[in-house]
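Chemist: Protein chains in written order, with my numbering: chain A, 1 to 291; chain D, 1001 to 1334.
Wrong hints could be hidden among the right ones.
[What the hints assert, rightly or not] Now the stretches of chain A that chain D is said to cover, found in silico as 3 or more residues with beta-carbon under 8 angstroms:
id	segment
1	137-144
2	187-196
3	224-234
[What the hints assert, rightly or not] Restraint ranges, calculated between C-beta atoms of paired labels, are given here:
id	chain 1	residue 1	chain 2	residue 2	range
4	D	Leu1068	A	Pro213	40 to 46 angstroms
5	A	Pro213	D	Asp1070	54 to 60 angstroms
6	A	Lys215	D	Pro1194	51 to 57 angstroms
7	A	Pro213	D	Pro1012	44 to 50 angstroms
8	A	Glu203	D	Thr1131	24 to 30 angstroms
9	D	Gln1139	A	Thr137	54 to 60 angstroms
10	A	Pro213	D	Pro1225	42 to 48 angstroms
11	A	Lys215	D	Asn1047	41 to 47 angstroms
12	D	Asp1197	A	Glu203	30 to 36 angstroms
13	A	Gln200	D	Val1211	55 to 61 angstroms
14	A	Ala225	D	Ala1283	23 to 29 angstroms
15	A	Thr137	D	Ala1020	49 to 55 angstroms
16	A	Thr247	D	Gly1013	35 to 41 angstroms
17	A	Ser284	D	Pro1012	44 to 50 angstroms
Don't read these hints as lab results, they were simulated from the structure. Beta carbons are placed, not taken as given, at the ideal position from N, Cα and C, and that holds for glycine.
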Amino acid sequence: MAKKSSIASLARMAVTLSFSRRCGSFLRGLRWRRCRKTNSSNNHLKRDFFPTKPPIKIVITICEEALVSDQGKTPEDPKAEAHSGSEFRRTTRRTFLSRLGMVGLLASAGPIASTLGEQSDIDPAQSPDLENTVPVTLRVNGKKYDVRIDPRTTLLDCLREHLHLTGSKKGCDHGQCGACTVHVNGRRMNSCLCLAAMYQGDEITTIEGVGQPGKLHPIQEAFVAHDAYQCGYCTCGQIMSAVALLTEPCGPEDADVKELMSGNICRCGAYQNIVAAIQSVRQSARLGKAG
Amino acid sequence: MKTFELSRADDPGQAIAAGAKATTAQQGAEIRFIAGGTNLVDFMKLNVETPQTLVDITHLPFDKIEALPDGGLSIGAVVRNSDLAYHPVVRKNYAVLSEALLSGASVQLRNMATTAGNLLQRTRCMYFRDTAMPCNKRQPGSGCAAITGINRGLAILGTSEHCIASNPSDMNVAMAALEATIHIRGTKGERSMPIADFHLLPGSTPERETVLEPGDLITHVTLPPPAPGSRSLYLKLRDRTSFEFALASAAVVVTVAGGKITRARVALGGVGTKPWRSPEAEAELTGQSATPAVFQKAAAAALRDAKPQSQNGFKVELAKRCLAHALKLVTQTA
Ligand SMILES: Cc1cc2nc3c(=O)[nH]c(=O)nc-3n(C[C@H](O)[C@H](O)[C@H](O)COP(=O)(O)OP(=O)(O)OC[C@H]3O[C@@H](n4cnc5c(N)ncnc54)[C@H](O)[C@@H]3O)c2cc1C
Ligand code: SF4
Ligand code: FES
Ligand code: FES
């Protein structure tokens, strides 16, 4: 129990990795294959993982994010929806950027609802639509959300910035790290490469919908039991992948799990314990079936 | 990311009519179809692709894998890579395709990526991705930063003095060895062509990568029936075990009868500017017995015209060994 809470408080110290554009190749340098090496000393790990001059800038900030999900902001929280209206208008980096792009946006307002071939006769300048956005309806964790978003908004940004479901993380924003993994109609995807407006009508599940403190998914419990994280930044994505893996065609060996988990990079190198956590759940599922 | 208008096509005609308004279907296209988005959105975030209009084609009725009367297979353009890889007929009759798909990207990406999107995925050349650098493919006439720069991962076959970018797809290599046919619907109706004619060599126009014209929509890909008694295999060599593009790969489809190779189809990945079918290797194999010496001869023939760059000379030997090993594995128990 004591261990659990100290892990949770550690996990609250979310690490924001501010990746440079070239971080992809660095991320790719962190290898699942190296799981095998992690049982030697930490020094060895450091030498193996960190180049002398890390090409990425690491900014450590303390924030409220918990390991498994946003505590106190359950999907049922009516405030979550209200947020997307007024409160979130304060200038964040994102809204600042989208304001910069406003002139261009005016010319592109509203068309997701229109069908092709039909000329849109809405005069964008006259349009009552605010901030050059389009109306989008998403179903996330069984709940319907109506938002108005810039068509450029990725599913990841929509979840985090508009729906305030910040369990899904942004690592690379290019499909290379898996921190943003969510389920769409039961299949795991990289939400950073999804345009939110294309996923209307789909059933989206995020880490917040997988389990909550007090009612964890077996994979989440196994991650705690096996100490399958260090900083916790990749963890929600790892868990989303691991939960999906349970129903995917995956062989019995550790190597099979590693292969299917290779889309999730862990900068801390918690791979060995992640594999152990997943295998423990699969093992008990097999025993459950047999018994 | 530049702003764009996003629309959804509910039938192919809408998509084709929308796409036809573009001036090109190649680099610089103002209108793009979007399927899985794993390649396009990536490049849009980098401002390498700056379409003003996106047409969501994921709702078009091209999501089926169907057996053909002749024993072949028809694969819809928006079939997801994971569905294709795990399809029982693909696993049984076209193992090389299943293996190639499963060796590519990650589960998350394969769940999103589509057949046509994969066919059209663009090079991973780092200068192509970086708008601050010269790149003839991205900006014709600006030069090629890779020839004098970092080119370790780039091509050694089919290059030109204007571009040496490798085609990164694994699926394409398998499709080349399986002699797939690409089916296209455009403003002038339907047409189809062998995959060998679909991708273009860079020559002096590396910005033109395929035969596609504005409005052209890939509807499906067909595979001929599996050659009787053939076995197939995909071998991919890379810097790490998983979630990495090929340095060299080989797709082989081989029939051995009476101790002799009666039919061979060979394609290489990671080394060519397009999916690299090797008739030279096939000629060396056909009629010969399945021995290491024959495999090595075939591999040497496949790489005879290789033109290494400053950093990727190792790929010549790597690709040879890759092909020879793939041939050994595929004929082992045959
Ligand atoms: C991190 C990462 C790692 C990867 N690793 C690998 C790997 O190891 N091996 C590998 O092979 N691939 C790899 N990929 C690439 C991946 O396979 C491709 O991004 C994917 O196949 C593209 O498919 P898509 O449906 O998402 O295409 P999209 O991004 O939707 O489209 C790509 C292009 O195709 C066009 N298009 C799509 N459908 C049609 C159609 N029906 N008709 C005409 N044009 C069409 C679009 O307009 C666009 O120009 C990787 C990708 C990422 C991000
Ligand atoms: S190899 Fe091709 S894609 Fe790469 S920089 Fe040169 S022209 Fe551009
Ligand atoms: S944020 Fe890295 S894969 Fe999406
Ligand atoms: S990145 Fe820190 S636990 Fe995985």
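Chemist: Evaluate each hint against the coordinates.
Modeler: Against the structure, the hints:
1. 137-144: violated (count 0)
2. 187-196: Three-residue rule met by the segment 187-196 of chain A, so holds; n is 7.
3. 224-234: Per the Cβ count (0), the hint is violated.
4. D/Leu1068 to A/Pro213: 40 to 46 angstroms: Given range 40 to 46 angstroms: violated, Cβ gap about 53 angstroms.
5. A/Pro213 to D/Asp1070: 54 to 60 angstroms: Holds, since proline 213 of chain A and aspartate 1070 of chain D (Cβ atoms, about 58 angstroms apart) stay within the stated range.
6. A/Lys215 to D/Pro1194: 51 to 57 angstroms: holds (56 angstroms)
7. A/Pro213 to D/Pro1012: 44 to 50 angstroms: holds (49 angstroms)
8. A/Glu203 to D/Thr1131: 24 to 30 angstroms: violated (37 angstroms)
9. D/Gln1139 to A/Thr137: 54 to 60 angstroms: violated (39 angstroms)
10. A/Pro213 to D/Pro1225: 42 to 48 angstroms: violated (56 angstroms)
11. A/Lys215 to D/Asn1047: 41 to 47 angstroms: Taking Cβ atoms as reference, lysine 215 of chain A and asparagine 1047 of chain D lie about 44 angstroms apart, which means the hint holds.
12. D/Asp1197 to A/Glu203: 30 to 36 angstroms: Since the Cβ atoms of aspartate 1197 of chain D and glutamate 203 of chain A sit about 41 angstroms apart, the hinted range of 30 to 36 angstroms is violated.
13. A/Gln200 to D/Val1211: 55 to 61 angstroms: violated (34 angstroms)
14. A/Ala225 to D/Ala1283: 23 to 29 angstroms: violated (59 angstroms)
15. A/Thr137 to D/Ala1020: 49 to 55 angstroms: Since threonine 137 of chain A and alanine 1020 of chain D have Cβ atoms about 31 angstroms apart, the given range 49 to 55 angstroms is violated.
16. A/Thr247 to D/Gly1013: 35 to 41 angstroms: holds (37 angstroms)
17. A/Ser284 to D/Pro1012: 44 to 50 angstroms: holds (48 angstroms)
Of the numbered hints given earlier, the model fails hints 1, 3, 4, 8, 9, 10, 12, 13, 14 and 15; all others are met.
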